[in-house]
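Listed here are the chains, written in short residue letters.
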Amino acid sequence: MALSIADLPKEELFGQGNAGCGGCGAAVAGRQAMKALGSRTIMTIPASCMATMGGSNLKTTWQIPFYHTLFEIAPAVSSGIRAALEVQGIEDVNVVSWAGDAGTADIGFQALTGAAERNEHMLHVCYDNEMYMNTGGQTGSQTPMYAVTSNMSKGKTIKKKNMLAIMEAHGIDYVASASIAYPLDLIAKFKKAAEKPGFSYIHILAPCHRGWQIPQEKTIEFARLAVESGLFELYEVEDGLRTRNVEPSFIPVEDYLTPQGRFKNLTPEAIQSIQAGVNRHYGRGE
Amino acid sequence: MVKNLPVVPTAKAGSLVETPTGITWRVQYPVISEKCNMCLDCTLFCPDGALIQQEGKIELILSLCKGCGICANECKENAIQMVPEYSGVQGVFR
Ligand SMILES: Cc1ncc(C[n+]2csc(CCOP(=O)(O)OP(=O)(O)O)c2C)c(N)n1
Ligand code: SF4
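In order, the protein sequences belong to chains A and B.
Read in order, the letters of the first sequence correspond to residues 1 to 286 in the working numbering.
Read in order, the letters of the second sequence correspond to residues 1001 to 1094 in the working numbering.
Keep in mind that the hints were calculated from the coordinates and are not lab data.
Keep in mind the model is a prediction, meaning the values are calculated, not measured.
Be aware that one or more of the hints could be misleading.
To be verified - Label pairs and their in silico Cβ distance ranges: (1) B:Ser1033 <-> A:Glu86: 29 to 39 Å; (2) B:Cys1036 <-> A:Pro268: 41 to 51 Å; (3) B:Glu1085 <-> A:Gln110: 46 to 56 Å; (4) B:Val1083 <-> A:Gly240: 45 to 55 Å; (5) B:Val1083 <-> A:Glu86: 46 to 56 Å; (6) B:Asn1078 <-> A:Thr258: 20 to 30 Å; (7) B:Met1038 <-> A:Asn265: 35 to 45 Å; (8) A:Gly114 <-> B:Ser1033: 31 to 41 Å; (9) A:His281 <-> B:Val1031: 22 to 32 Å.
By construction, the Cβ of each residue, glycine as well, lies at the ideal position given by its N, Cα and C atoms.
Kindly produce the complete structure, drawing on both the sequences and the hints.
Following this line, the structure appears as structure tokens:
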């Protein structure tokens, strides 16, 4: 049966009073995900905006146990938490590590690939704002080509690394991409991941208006444009079976890219090559 | 037997609600009109959990709102209007 917003739990396990910027996409991702995960969840978060946003030692927005780990180790800490729960015979708890794109694809990658290889009973979430935002918006492997960042004023010159494909290659239980503009799709994916006996990976595109240089009220809008243009495909891989969850309407990629301040250096040729890449991926005529 | 989670919290759960960090930045706040058809989209798009469903209506918890305007931008019925205000250490001026 299809999910409806009215049936979701009313409890606010994350988000109220959070210390993030107004209009933060990562905070939206956290709120939507917790509607699926529920109160029997233990969360580890490495250094990132999401960790900062959760509060300090004195105050927190989390209503569940939340542990702020060192940058490189969130999935390893979560593996340990799962082992400790198992030893105590506690079975009804979701163990989650939740990291930014740097905590997932770059600095945190070693612990992530290890936990995935061991097929630990846990979920790793990457909320992808395509930059190192908590330290001022530096370039990382998830920054798209051409995007201007605080340490690459002319724009990135190499392509974004495909983390979803890398995680799929681990042969884990569940891999999915999700977007904060499609909350019911996102929530359904978290529910699926929570049911798996092994490792799941969910990659959420969560725009950061500061880094992307867009108006703060347009955070959700740009998350949607990324999907509708075909640049961020919403799909899942379950038992080796790949399913596309949302068919894009294929708005021109230009409509997604050029309004963003970080793509101010985009040339018409670059836009054309990005559009050609999308067309190739979906097998559409060029 | 289900045991309690073996975690010793250092901060009281959800305690940031009492002193929300962002409200002193707010320069506008949402006003919801009768055009609202209770689709509830805004309750999932608000980053701060400031819009909640209560007694068949969308209610704003003003103290949690940072005034980002996502709700007004996303509302398909155009039922949310952002109204300018100043809220800071000096109080709230509308
Ligand atoms: C080992 C280590 N290196 C660097 C840092 C500094 N640092 C803290 S957060 C951060 C960037 C986080 O980026 P990301 O994971 O993408 O999350 P975001 O802040 O963008 O949400 C960095 C470099 C650190 N805390 N620890
Ligand atoms: S810098 Fe970006 S990701 Fe970090 S809290 Fe602000 S809006 Fe969110």
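In rising order, the numbers of the hints this structure does not comply with: 1, 8 and 9
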